[in-house]
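Throw the hints in and build the complete structure from the sequences for me.
Residue numbers (my numbering), protein chains in the order written: chain A, 53 to 406; chain B, 53 to 406; chain C, 53 to 406; chain D, 53 to 406.
Treat the hints with care, since some could be wrong.
Intra- or inter-copy, both count: the list cannot distinguish identical chains.
Claimed, not checked - With a straight-line Cα cutoff of 16 Å, these simulated EDC-like cross-link-like pairs (lysine to aspartate or glutamate) come out:
hint : residue 1 : residue 2
1    : Lys118    : Glu73
2    : Lys365    : Asp319
3    : Lys405    : Glu91
4    : Lys228    : Glu241
5    : Lys118    : Glu138
6    : Lys308    : Glu252
7    : Lys355    : Glu367
8    : Lys198    : Glu240
9    : Lys216    : Glu241
10   : Lys371    : Glu240
11   : Lys219    : Glu261
12   : Lys355    : Glu311
13   : Lys371    : Glu243
14   : Lys308    : Asp164
15   : Lys127    : Glu211
16   : Lys308    : Glu211
17   : Lys405    : Asp164
18   : Lys127    : Asp89
19   : Lys151    : Glu125
20   : Lys308    : Asp254
21   : Lys228    : Asp319
22   : Lys127    : Glu362
Quick caveat, the hints were computed from the structure, so don't treat them as lab data.
All figures in this text were calculated on a predicted structure; none of them were measured in a lab.
4 protein chains.
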Amino acid sequence: MAGNSFGTLFKLTTFGESHGEAIGGIIDGCPAGLEIDAEMIQLEMDRRKPGQSAIVTQRKEPDTVKFLSGIFEGKTTGTPIGFLIENANQKSKDYSHIKDVYRPSHADYTYDQKYGNRDYRGGGRSSARETACRVAAGAVAKQLLKDIKITAYTAAVGEIELQKSLKELDFSEIEKNPVRCPDPAKAEEMETYIKKIRSEGDTVGGVVECVITNVPPGLGEPVFDKLHARLGQAMLSINAVKGFEYGSGFDGSRMKGSEHNDLFNEDGSTRTNFSGGVQGGISNGMDIYFRVAFKPVATLMQKQETIDSEGNKVEMQGKGRHDPCVVPRAIPIVEAMAALVLADFYLLDKTSKI
Amino acid sequence: MAGNSFGTLFKLTTFGESHGEAIGGIIDGCPAGLEIDAEMIQLEMDRRKPGQSAIVTQRKEPDTVKFLSGIFEGKTTGTPIGFLIENANQKSKDYSHIKDVYRPSHADYTYDQKYGNRDYRGGGRSSARETACRVAAGAVAKQLLKDIKITAYTAAVGEIELQKSLKELDFSEIEKNPVRCPDPAKAEEMETYIKKIRSEGDTVGGVVECVITNVPPGLGEPVFDKLHARLGQAMLSINAVKGFEYGSGFDGSRMKGSEHNDLFNEDGSTRTNFSGGVQGGISNGMDIYFRVAFKPVATLMQKQETIDSEGNKVEMQGKGRHDPCVVPRAIPIVEAMAALVLADFYLLDKTSKI
Amino acid sequence: MAGNSFGTLFKLTTFGESHGEAIGGIIDGCPAGLEIDAEMIQLEMDRRKPGQSAIVTQRKEPDTVKFLSGIFEGKTTGTPIGFLIENANQKSKDYSHIKDVYRPSHADYTYDQKYGNRDYRGGGRSSARETACRVAAGAVAKQLLKDIKITAYTAAVGEIELQKSLKELDFSEIEKNPVRCPDPAKAEEMETYIKKIRSEGDTVGGVVECVITNVPPGLGEPVFDKLHARLGQAMLSINAVKGFEYGSGFDGSRMKGSEHNDLFNEDGSTRTNFSGGVQGGISNGMDIYFRVAFKPVATLMQKQETIDSEGNKVEMQGKGRHDPCVVPRAIPIVEAMAALVLADFYLLDKTSKI
Amino acid sequence: MAGNSFGTLFKLTTFGESHGEAIGGIIDGCPAGLEIDAEMIQLEMDRRKPGQSAIVTQRKEPDTVKFLSGIFEGKTTGTPIGFLIENANQKSKDYSHIKDVYRPSHADYTYDQKYGNRDYRGGGRSSARETACRVAAGAVAKQLLKDIKITAYTAAVGEIELQKSLKELDFSEIEKNPVRCPDPAKAEEMETYIKKIRSEGDTVGGVVECVITNVPPGLGEPVFDKLHARLGQAMLSINAVKGFEYGSGFDGSRMKGSEHNDLFNEDGSTRTNFSGGVQGGISNGMDIYFRVAFKPVATLMQKQETIDSEGNKVEMQGKGRHDPCVVPRAIPIVEAMAALVLADFYLLDKTSKI
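Next comes the structure, spelled out in C-alpha cells:
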C-alpha cells in the first residue's frame with residue numbers, strides 16, 4: 053500500500069525509477085471490446101516527452117509505449133493491460149554528485165527519512181519521469197471516454213497570466229506553440245520569459261487550466277470520493293503541484309450566495325457555472341473546469357547551499373537536464389489524470405441504479 | 053464502492069441522512085490499547101454542532117456520540133469502533149416544499165440524475181450533517197496521533213481576510229470568538245459581517261487555514277497517495293469546498309525557483325517553508341499548513357427562481373435552519389479530516405522499512 | 053484494515069461484540085431503486101437467531117434489524133445502508149469466569165497475543181454473534197440478485213451423512229425440521245444425535261452444502277478473485293469452518309481428466325457438472341454447488357483443563373448458552389455469504405464489456 | 053477491479069497472457085531495506101518452470117525474472133518492484149485449432165461469455181502460465197518472512213496417497229524426486245502412474261499439502277480476513293484447485309468437541325493441533341498446515357466431443373504441450389501464495405497495537 057495505484061475499477065498501478073532500465077504500469081479493469089488507437093497513445097506520449105522543444109529539458113527519450121498484454125487483435129480483452137516504457141537515455145553518472153547530498157525542496161531528504169535508502173539517480177521514484185506511465189494509461193482512458201473531451205492548457209507562467217475568459221479562448225491554438233497557451237500573444241510572452249529564466253539558471257512556476265466538456269450527469273461518488281475531490285487528489289499527486297481549485301475556486305470564497313448560485317434553465321442546464329460542473333460531488337452535465345498551481349522546478353543551474361546526509365554544509369549546482377518550467381509538459385499529464393478519474397467514475401456509475 | 057469510506061489502515065465508513073433516525077460510522081483499523089478520552093471527543097462534537105452561537109444555524113442537536121463497540125474498559129481493543137449520533141431535532145416537514153424542486157447549486161438535481169430517487173429531507177445524504185461522523189472519528193484519530201497538533205482557524209469571511217502572518221497569530225484566541233479567528237479585531241469584523249449577511253437572507257463564503265505541528269518526517273505514500281494529495285482529497289470532500297492549496301500554494305506558481313527553494317539547516321530543518329512541510333509527498337518534519345476555500349451556502353432565505361423535477365419554472369424560498377457562513381463550524385471538520393489522513397499515514401509508515 | 057469489510061462494489065462492513073449494546077453494519081454500494089422487503093429480511097434473521105428450536109443455544113435474542121439509512125419510502129437510494137441489531141439478552145456475568153482464562157480452541161489466546169487486551173464477554177468480537185450482521189446484509193443482497201436462488205442445507209452432522217444425490221433432494225423439506233436437512237429420515241437421526249451429544253455436555257461438527265441456481269454466465273473476476281476463490285474466502289470466514297470444496301472437490305483430485313471433463317451440449321450447458329458451475333473462475337450458467345466443513349463447537353459443558361493468562365494450569369467448565377452443533381444455524385449464514393459474493397460480482401460484471 | 057491484485061499492504065498485481073511477449077507484475081508495499089537474493093528467486097522459478105522433468109509439459113521456458121525497479125544496490129527501496137518474465141517459447145500456431153472451439157472444462161466458454169472476445173492462444177490469461185509471476189513475487193515474500201518456513205509437497209496423485217503422518221515425513225526428500233513427494237517409495241509409484249496416464253493421453257488430479265513452521269502468534273485479521281480464509285482464497289485462486297481444508301479439515305466435521313479441542317500446555321502451545329495453527333482467524337504459534345485439491349488437467353491428448361462458438365458439435369484433440377498432472381509443478385505455487393498471504397498479514401500486524 054505504498055500508494056502506487058490509482059482508481060477503483062479503472063485502476064492504474066505504476067512502477068519504475070528515472071534511471072532504471074524501464075518504467076511501466078498495469079491498467080486493471082479496462083472493459084473488453086475497446087478498440088485501441090495506438091497512434092493516438094503515442095501522440096499523447098510525444099506531448100509529454102522531453103526534448104520536444106527549446107523550452108523543455110533536453111534529455112532525449114523516444115518514450116515509446118510497448119503494450120505487453122490485455123490487447124488482442126486491436127481490442128481490449130478485459131484482462132490487465134501491462135505496458136513498458138524504456139529509459140533509453142538515462143545518464144546516471146550525471147547524478148553521482150547528489151548521492152550523499154540533499155537537494156533543497158526535492159524528495160531526497162524525505163525518501164531517506166522514510167525508507168532509509170534511495171535510488172538517488174535522477175530522483176529515482178520521485179522523478180516526474182513516472183508521469184509518462186500516467187500519460188500512457190490516460191490515453192487508454194480517453195479512448196474509453198469517447199465523447200467526453202478533456203483539454204488542458206497553460207494559464208500562467210510566473211506572473212504572466214492569460215487574461216481572456218474561457219469563452220474567448222481558441223483551443224485550436226494550444227498545440228501550435230511550445231508553451232501550450234491558447235492565446236498566441238501571451239504564448240510568445242511566456243516563451244520569451246521561460247528562455248530568460250533558463251538563461252539565468254533559474255526556474256519558474258505556473259498554472260494549468262483544464263476544461264472537460266460533454267460530461268454526462270451522474271459521475272462522482274459522494275461522500276469521500278466526490279468527483280472534484282478525486283480530481284483534486286489526482287492533480288495534487290502530480291509532481292510540483294501546490295494547489296487545486298475548481299469552478300469558482302478561491303474566488304468563490306469571497307462571493308455571496310445570491311451571486312454564486314447557478315440558477316437553472318428549464319432543461320436542467322444552468323445559466324452560470326460557478327459550480328464548475330459538479331454539485332454535491334456529482335457531475336451535473338455542465339462543463340467541468342479547474343486550475344492547478346505548479347511551483348518552480350527545484351533543480352537550479354545555480355549554486356545553492358545545502359547539506360549532505362551527515363548534516364554537513366555543502367555547496368551544489370544542478371547538473372543533468374531539467375525543465376526551466378514544468379507547465380508546458382504538464383498539460384498532457386493533467387489531462388491524463390483527469391481521464392483516469394473520469395474513466396473510473398464512468399465505470400462505477402454503471403452500478404448506481406438497478 | 054459508493055465512496056463512503058476513507059483511509060486504508062485507519063478507515064472510516066459513514067452512513068446516514070440528515071433526517072433519518074441517526075447517522076453513524078465504523079472506524080476499522082484503530083490499533084488496540086489506545087486510551088479513549090470520551091470527554092475530548094464530545095468537546096470536538098460541540099465545536100461543530102449547530103446552535104452553538106448566534107451566527108450559525110439554530111437547529112438544536114446535542115450531537116452526543118454513542119460508541120457501540122471496539123472500546124472496552126476505556127481502551128480500544130483493535131476491533132471496529134461503531135458509533136451512532138442521533139438526529140434529535142429533525143423537522144422533516146420543513147422540507148416538503150423541496151420534494152419536487154431542485155434547489156440551485158445544491159445536490160438535488162445531481163442525486164436525482166445519478167440515483168433516480170433521493171431522500172429530499174434536508175438534503176438527505178448530501179447534507180453536511182454527515183460531517184458530524186467525521187468529527188467523531190477525527191477525535192479518535194487525534195488521540196492516536198498524540199503529540200501531533202492540528203489547528204484550524206478562520207482566515208477569511210468573504211472579503212475580510214486575516215492579514216497577519218502565521219507567526220504573528222495567537223492560537224489561544226481561536227476558540228474565544230464564535231468565528232474562530234485568531235485575530236480578535238478581525239473576528240469581530242467578521243462576526244458583524246456574517247450577521248449583516250444573514251439579515252439580508254444571504255450567505256457568504258470564506259477560507260479556513262490549518263497548521264499541523266510536531267509531525268515526524270516520513271508520513272505520506274508517494275506516488276498517488278502523496279501526503280498533500282490525500283489532504284487535498286480529504287478537504288475537497290467536505291461540503292462546499294472549492295479549493296485547496298498547501299505551502300506556497302497558488303502564490304508559489306508565480307515565484308522563481310531561486311526564491312522558492314527551502315534551504316536546509318544542518319539539522320535537516322529548513323530556513324523557509326514554502327514546501328509546507330511536505331516534499332515529494334512525504335512530511336519533512338516542518339509544519340504542514342494549507343488553506344481551504346469554502347463557497348457561500350447555497351440555501352438562501354430569499355426568493356430564487358428554479359425548476360422542479362419536470363423542468364417547470366418555480367419560485368422558491370429557503371426554509372429550515374441554515375448557516376449564513378459555514379466557515380466557523382467547518383474548523384473542527386477540517387481538523388478532523390486532517391487527523392484521519394495523518395492517522396492513516398502514521399499507521400502505513402510503520403511498514404515502510406524492515 | 054482489520055478485515056471487517058467484505059466486497060468491492062457491494063461492500064459490507066460490520067462492527068460489534070457479543071455483549072456490547074448492539075452490533076451492526078454498513079452496506080455501501082447497493083444500487084438505488086431496489087425495493088426492500090423488510091419482512092423477508094426478518095425471516096432470514098429468524099432462521100439464524102438463537103433460541104429458535106430445542107437443538108440450538110437458548111440465548112433469547114429477537115434479532116430485529118433496524119435500518120437507519122439508505123432506504124427511503126421502501127426503496128434503496130444508493131446511499132449507504134446502516135443497520136443495527138441490539139444485544140437484548142446479553143448476560144455478561146456468565147463470562148466473568150473466563151476473564152483471565154484461555155478456553156481451548158477458542159480465540160481468547162490469539163486475541164490477547166495480537167491485541168494485548170480483549171473484550172472477554174462471550175468471546176467479544178470473535179463470537180459468531182457477528183454473523184447476524186452478515187445475514188441481514190445477505191438478505192439485502194438476495195433481493196438484489198432476484199432470480200438467482202441460493203439454497204443451503206445440512207449435509208452431515210458428525211458421522212451421519214446425507215446419502216442422496218443432489219437431484220434426489222426435496223428442498224421444500226429443509227425448513228420443516230430443526231436440523232435443516234432435506235431428507236426427513238436423516239433429519240430425525242441427526243436431531244436425535246445432537247440431543248444426545250448435548251446431554252453429554254459435548255458438541256459435534258458437520259457439513260453444509262449449498263446450491264445456487266439460475267446463475268447467469270460471466271460472474272467472477274479472474275485471476276485472484278475467481279468466483280470460487282471468493283466463495284471459499286467467504287465460507288472460511290464463518291466461525292468454525294475448516295474446509296471448503298466446490299464441484300467435484302477433493303473427490304475430483306482422484307479422477308482422470310477423461311472422466312472429469314464436462315462435455316458441452318449444443319446450447320453451451322454441460323452434460324455433467326464436475327466444474328460446479330465455475331470454469332476459469334467465472335460462472336458458466338450451470339448450478340454452482342459447494343460444501344463447507346464445520347468443526348465441533350469449542351465450548352463444552354464438561355470440565356476441561358486449560359491455562360490462564362499467566363500460564364497457570366486451571367480447570368474450567370463451559371457456562372453460558374451454547375450450540376451443541378452449529379450447522380443448523382449456519383445454513384442462513386452460508387447463504388448470506390454466498391449472496392454477498394454474488395451481489396458483488398453481479399455489480400462488477402456490469403463493467404466487463406464496453 | 054478485474055481481480056488481478058492480491059494483498060493489502062504487500063500487494064501483487066500481475067498481467068500477461070500465455071502467448072504474449074511477456075508476463076509480469078508489480079509488488080507494491082515491500083518494505084525498504086530488504087536484501088534480495090536473486091539466485092534464490094531464480095531457484096524458485098526453476099521449481100515451477102516447464103520442461104524440468106519427464107513428467108511435466110515439455111514447453112521450454114527459461115523463466116528468467118528481470119527486475120526493473122524497486123531494488124537498488126541489492127536492497128529494496130520501498131518503491132514498487134516491477135518485474136518481467138519473457139514468453140520465450142510460445143508457439144501460437146499450436147492453438148489455431150481452438151480459435152473458435154470451446155475446450156471442455158476450460159475457461160474458453162466463460163471468457164467469451166464474460167468479455168465477448170478472448171486471446172485464445174494457449175488459454176490466454178486463463179493459462180497457468182500466469183502463476184510464474186506469483187512464484188517470483190512469492191520468492192520476495194519468502195525473503196521478507198525470514199524464519200517462517202513454508203514447505204509444500206505432493207500428498208496424493210489420483211488414488212495414490214501418502215500414508216505417513218506429518219511427523220514421519222522427511223522434507224529433505226521432497227526435491228529429490230520429480231513428483232515432489234517426501235516419501236520416496238510413494239514418489240516412485242506416483243511417477244510411474246503419471247507416466248502411464250500420460251501415455252494414455254489422459255490426465256489425473258492430486259492433493260498438495262503445505263506446512264508452515266515458525267509462525268509468530270498474531271497473524272491474521274478477523275473477521276472477513278481470517279488467516280485461513282485468505283489462505284483459502286489464495287489457494288483456490290490457483291488454476292485447477294477444487295478444495296481447501298486446514299487443520300482437521302473435513303475430518304474435523306465428524307469429530308466431537310471433546311476430541312477436537314486443543315488443550316494448552318503451560319507455555320501457550322497446544323498438545324494437539326487440530327486447529328492447524330489458527331484460532332479465531334489468527335495464528336497461535338503452532339504449525340499451520342493445510343491441503344489443496346487439484347482436479348485433473350482439462351486438456352487431453354485424446355479425442356473429445358465439444359462445440360464451437362456457434363454451438364456446432366465438433367471433435368477436437370488436445371495439441372500443444374501439457375502437464376499430465378499439475379501437482380508437481382503446483383508445489384512452488386502453493387508455497388508462493390502462502391508466502392504472499394503471510395507477508396501481507398506480517399505487515400498488517402505491525403499496526404495492531406499502539
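One pair to classify: Lys228 and Asp319, alpha carbons no more than 16 Å apart. Within, between, both, or neither?
Classified as neither; 37 Å inside a copy, 48 Å across copies.
For Lys365 and Asp319, with the copy left unspecified, which applies at a CA distance of at most 16 Å: within, between, both, or neither?
Classified as between; 10 Å across copies, 65 Å inside a copy.
When no copy is named, should Lys371 and Glu243 be tagged within, between, both, or neither for a Cα gap of at most 16 Å?
neither (22 Å within a copy, 54 Å between copies)
Can you give me the call for Lys198 and Glu240, within, between, both or neither, at a CA distance of at most 16 Å?
The answer is neither: 33 Å in one copy and 53 Å across copies each exceed 16 Å.
Can you tell me if Lys308 and Asp254 fall within 16 Å by alpha carbon in one copy, between copies, both or neither?
This pair counts as between: shortest inter-copy Cα distance 7 Å, intra-copy 41 Å.
Copy assignment of Lys118 with Glu73, given that the CA separation must stay at most 16 Å:
For Lys118 and Glu73, both the intra-copy (14 Å) and inter-copy (10 Å) Cα distances are at most 16 Å.
Alpha-carbon proximity context of Lys127 and Glu362, limit 16 Å
For Lys127 and Glu362, the Cα distance exceeds 16 Å both inside one copy (54 Å) and across copies (21 Å).
At most 16 Å between CA atoms: does that hold for Lys151 and Glu125 within a copy, between copies, both, or neither?
between (46 Å within a copy, 13 Å between copies)
How would you label the pair Lys371, Glu240 (within, between, both, or neither) given a Cα cut-off of 16 Å?
neither (27 Å within a copy, 53 Å between copies)
Regarding Lys405 and Asp164, is the shortest C-alpha distance of 16 Å or less found within a copy, between copies, in both, or in neither?
Intra 47 Å, inter 11 Å, cutoff 16 Å: inter-copy only.
Between Lys308 and Glu252, at a C-alpha cutoff of 16 Å, which is it: within one copy, between copies, both, or neither?
Answer is between: at 11 Å across copies they meet the 16 Å cutoff, but 44 Å inside does not.
With identical chains, the pair Lys355 and Glu311 could be close in the same copy or across copies; at 16 Å between alpha carbons, which is it: within, between, both, or neither?
between (50 Å within a copy, 13 Å between copies)
The structure is inconsistent with the numbered hints 3, 8, 10, 13, 14, 15, 21, 22, although it conforms to all the rest.
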